[in-house]
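Number of protein chains: 2
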Amino acid sequence: MLGAVAVLPMLPKLVGTAVAQAQIAPLASWNDGPAKRAILDFVRMTTDLASPSFVPSAERIATFDQDGTLWVEHPMYAQVIYCLDRVPAVVKAKPELAKVPAFETVLSGNREAIANLPPDDLEEILVATLTGMSVDDFEAEAEKWLETAKDPRWKRPYTDLTYLPMQEVLQYLRANGYKTYIVTGGGQDFVRVYADRTYGIPPEQVVGTAAGTKYGYDNAGKPFLTKEPKLLLNDNNAGKPEGIHLMTGRRPYIAFGNSTGDRQMLEYTKAGDGTRMSLLVLHDDAQREYAYGPAQGLPDTKVGAFPQTLYDQAKTQGWTVISMKNDWNRIFAF
Amino acid sequence: MLGAVAVLPMLPKLVGTAVAQAQIAPLASWNDGPAKRAILDFVRMTTDLASPSFVPSAERIATFDQDGTLWVEHPMYAQVIYCLDRVPAVVKAKPELAKVPAFETVLSGNREAIANLPPDDLEEILVATLTGMSVDDFEAEAEKWLETAKDPRWKRPYTDLTYLPMQEVLQYLRANGYKTYIVTGGGQDFVRVYADRTYGIPPEQVVGTAAGTKYGYDNAGKPFLTKEPKLLLNDNNAGKPEGIHLMTGRRPYIAFGNSTGDRQMLEYTKAGDGTRMSLLVLHDDAQREYAYGPAQGLPDTKVGAFPQTLYDQAKTQGWTVISMKNDWNRIFAF
Numbered sequence: 001m002l003g004a005v006a007v008l009p010m011l012p013k014l015v016g017t018a019v020a021q022a023q024i025a026p027l028a029s030w031n032d033g034p035a036k037r038a039i040l041d042f043v044r045m046t047t048d049l050a051s052p053s054f055v056p057s058a059e060r061i062a063t064f065d066q067d068g069t070l071w072v073e074h075p076m077y078a079q080v081i082y083c084l085d086r087v088p089a090v091v092k093a094k095p096e097l098a099k100v101p102a103f104e105t106v107l108s109g110n111r112e113a114i115a116n117l118p119p120d121d122l123e124e125i126l127v128a129t130l131t132g133m134s135v136d137d138f139e140a141e142a143e144k145w146l147e148t149a150k151d152p153r154w155k156r157p158y159t160d161l162t163y164l165p166m167q168e169v170l171q172y173l174r175a176n177g178y179k180t181y182i183v184t185g186g187g188q189d190f191v192r193v194y195a196d197r198t199y200g201i202p203p204e205q206v207v208g209t210a211a212g213t214k215y216g217y218d219n220a221g222k223p224f225l226t227k228e229p230k231l232l233l234n235d236n237n238a239g240k241p242e243g244i245h246l247m248t249g250r251r252p253y254i255a256f257g258n259s260t261g262d263r264q265m266l267e268y269t270k271a272g273d274g275t276r277m278s279l280l281v282l283h284d285d286a287q288r289e290y291a292y293g294p295a296q297g298l299p300d301t302k303v304g305a306f307p308q309t310l311y312d313q314a315k316t317q318g319w320t321v322i323s324m325k326n327d328w329n330r331i332f333a334f
Numbered sequence: 001m002l003g004a005v006a007v008l009p010m011l012p013k014l015v016g017t018a019v020a021q022a023q024i025a026p027l028a029s030w031n032d033g034p035a036k037r038a039i040l041d042f043v044r045m046t047t048d049l050a051s052p053s054f055v056p057s058a059e060r061i062a063t064f065d066q067d068g069t070l071w072v073e074h075p076m077y078a079q080v081i082y083c084l085d086r087v088p089a090v091v092k093a094k095p096e097l098a099k100v101p102a103f104e105t106v107l108s109g110n111r112e113a114i115a116n117l118p119p120d121d122l123e124e125i126l127v128a129t130l131t132g133m134s135v136d137d138f139e140a141e142a143e144k145w146l147e148t149a150k151d152p153r154w155k156r157p158y159t160d161l162t163y164l165p166m167q168e169v170l171q172y173l174r175a176n177g178y179k180t181y182i183v184t185g186g187g188q189d190f191v192r193v194y195a196d197r198t199y200g201i202p203p204e205q206v207v208g209t210a211a212g213t214k215y216g217y218d219n220a221g222k223p224f225l226t227k228e229p230k231l232l233l234n235d236n237n238a239g240k241p242e243g244i245h246l247m248t249g250r251r252p253y254i255a256f257g258n259s260t261g262d263r264q265m266l267e268y269t270k271a272g273d274g275t276r277m278s279l280l281v282l283h284d285d286a287q288r289e290y291a292y293g294p295a296q297g298l299p300d301t302k303v304g305a306f307p308q309t310l311y312d313q314a315k316t317q318g319w320t321v322i323s324m325k326n327d328w329n330r331i332f333a334f
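So the sequence lines, in the order shown, correspond to chains A and B.
Take the first sequence: its letter number 148 is residue 148 in the working numbering, and every next letter is one higher.
Take the second sequence: its letter number 62 is residue 62 in the working numbering, and every next letter is one higher.
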């Protein structure tokens, strides 16, 4: 570790310490336990030409859920906060919305009421703030928000709240010929705005919940796409393997998730021929991050639902459970 | 050229002469005319770091229509022939279909009646032959067909009927950091079966008309996806830029098409910031391939409709028209 730190100032274009560490020893933020060993074994078995489980590099697909798997999802998904933050601007443009209950609640600033918005009301907010504008305008708005918005607990931009051990896994898999994809229940276009600079994952490798777009022309006759309030892909639950097929035509060899929304992706991955691996991140570190799901015997939470049945399925089907508390010696790069 | 031929036997894993030619002189099957020069200029301008039009490699996206742009589409799309060929097996599995007019026509073997199937009847055939089976079974069926089916004019597998000059463009763009995509009105899953070995384009870089899939379990509890008779993306006309956005989140820098179904993709590409290029293949070589569209003053054909308005738009908006007759010194590798 001292060696890595000493070398740091000499590395050009260094993106955080994660890169340097990955170059020295893979998965440095992982404790030497069963999860780390299983990942190293999997990569060795699927990339060693002499191994019976060898996978040609073109077929090496790795998929990662985002919220709760690559970055913090509690107490509220970053994208939902984005949508809530956009409400004043949307109401300003359409004043009649101020009288609609969902918008009234958000404008009231009542945190508890906002946190408990009924699903239909929340959907109304999401549709109003995520559709109806051009693809380029949406990207510019999201970009602006990401530059200034901060998580209330760590007082840092949301894109800082990625898990260092998972960043190391992304880098390690890529260094071994794996193509890394995000497969998120969140908005495909939203995640694409920051996925490249945050995870090194380009927009074409982000699969997410997607609204349709509509082709049209501006006043000067220039073509552009408008985000439509029409759900094309609900990239949750069964929608994850369906979305992966739509976007890649392949079955992943390794997949990471952390909640019931990832269940089918993990099943589907693990059930493929040859050596496949599914991993489940368990949020059991209340001190350094959060503890929810079976770790605390908690009931299903709104965010990151992880019932006991999911844990049991992991054990039965041979998925690897990652304990944030025991498997990770660091959580964040900061 | 003598040099290239002499070197051939020494090159390992050589995929046709196209590769060797591309290594020696790019676009060797192109005559030295305006189309070839425009492509070479475009690549130089967008890849030279010193050029004001330089494009970072991650953003270098090239999109290609398939039927009529990368391979022969006349007199009937290969995929439609596949569907027609599948009819006996489908009727065998569901004998009640034998009485349905669309299937009756196909089973009759009456070539003229089959060629003139009403659109609704044809759609019935496509749905019955392309959906309702698992993704894996579909792939195996299509694979089997491709191995044996032959084009009636050239008596060769359909995958041999790709245009050598376009294969050279694919290779040349990739050698210059471009990611090449097929953007086809044809079935996404169908084209994925052969795109990699035929064009070097992996399944995740095929955007096409896509049916939804449905996640489920077989009797042994193993998860699999079934192709559903539910249209998710009609990748024609405005559906092309919409599909490109869905699958990549980017606007292409260069796009190739040959019919009205490509109009919006070509407009959209050309209208982007910086230096962009749109190209239109004109089928004007009745002897070596086919002549249709404005080249022959023909009315709109069922396959590869290319009205005069498309030609006019190419001229107005600065798209490059590729004359198969004048721009290509060879059409096929065989």
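If you're looking for bench data, these hints aren't it; they were derived computationally from the structure.
None of these values were measured; they are calculated from a predicted model.
Hints should not be assumed to be uniformly reliable.
Stated by the list, open to error - No more than 30 Å apart at the CA atoms, straight line, and that leaves these computed lysine-lysine pairs for DSSO-like:
no. : chain 1 : residue 1 : chain 2 : residue 2
1   : A       : 270       : A       : 92
2   : A       : 325       : A       : 179
3   : B       : 230       : B       : 94
4   : B       : 270       : B       : 94
5   : A       : 325       : A       : 315
6   : B       : 144       : B       : 230
7   : B       : 94        : A       : 214
8   : A       : 99        : A       : 144
9   : A       : 270       : B       : 230
10  : A       : 230       : A       : 99
11  : A       : 179       : B       : 144
12  : A       : 230       : B       : 214
13  : B       : 214       : B       : 230
14  : B       : 315       : A       : 214
15  : A       : 230       : B       : 99
16  : A       : 144       : B       : 270
17  : A       : 179       : B       : 315
18  : B       : 222       : A       : 222
19  : A       : 222       : B       : 270
20  : B       : 214       : A       : 214
21  : B       : 270       : A       : 230
22  : A       : 230       : A       : 214
23  : A       : 94        : A       : 144
24  : B       : 222       : A       : 270
As the list claims (entries may be wrong) - Covered stretches of chain A, going by a simulated chain B footprint (3 or more residues, C-beta under 8 Å):
no. : segment
25  : 185 to 193
26  : 204 to 214
27  : 245 to 255
Glycine included, every Cβ here is placed at the ideal spot set by N, Cα and C.
Hints and how they fare:
1. A:270 with A:92: At roughly 49 Å apart (the allowed maximum being 30 Å), residue 92 (chain A) and residue 270 (chain A) break the hint.
2. A:325 with A:179: Judged against 30 Å, a Cα distance of about 28 Å means the pair holds.
3. B:230 with B:94: 20 Å, holds
4. B:270 with B:94: Violated, at about 48 Å.
5. A:325 with A:315: Given that 30 Å is the threshold and the Cα spacing comes to 19 Å, the pair holds.
6. B:144 with B:230: 25 Å, holds
7. B:94 with A:214: With a Cα-Cα distance of about 38 Å, the restraint between residue 94 (chain B) and residue 214 (chain A) is violated, given a limit of 30 Å.
8. A:99 with A:144: 27 Å, holds
9. A:270 with B:230: Cα-Cα ~27 Å, so holds.
10. A:230 with A:99: Given that 30 Å is the threshold and the Cα spacing comes to 24 Å, the pair holds.
11. A:179 with B:144: 29 Å, holds
12. A:230 with B:214: 19 Å, holds
13. B:214 with B:230: 10 Å, holds
14. B:315 with A:214: Holds - the C-alpha atoms of residue 214 (chain A) and residue 315 (chain B) are around 26 Å apart, at most 30 Å.
15. A:230 with B:99: 38 Å, violated
16. A:144 with B:270: 27 Å, holds
17. A:179 with B:315: Violated. Residue 179 (chain A) to residue 315 (chain B) sits at ~40 Å, over the 30 Å cutoff.
18. B:222 with A:222: Not OK: residue 222 (chain B) and residue 222 (chain A) at ~49 Å, beyond 30 Å, violated.
19. A:222 with B:270: 10 Å, holds
20. B:214 with A:214: Measuring from Cα to Cα gives roughly 25 Å; hence the hint holds.
21. B:270 with A:230: 27 Å, holds
22. A:230 with A:214: 10 Å, holds
23. A:94 with A:144: 21 Å, holds
24. B:222 with A:270: Since the Cα atoms of residue 222 (chain B) and residue 270 (chain A) sit roughly 10 Å apart, the hinted pair holds (cutoff 30 Å).
25. 185 to 193: holds (count 3)
26. 204 to 214: With 6 residues closer than 8 Å to chain B, the segment 204 to 214 of chain A meets the three-residue bar; holds.
27. 245 to 255: holds (count 6)
In summary, the numbered hints that this structure violates are 1, 4, 7, 15, 17 and 18.
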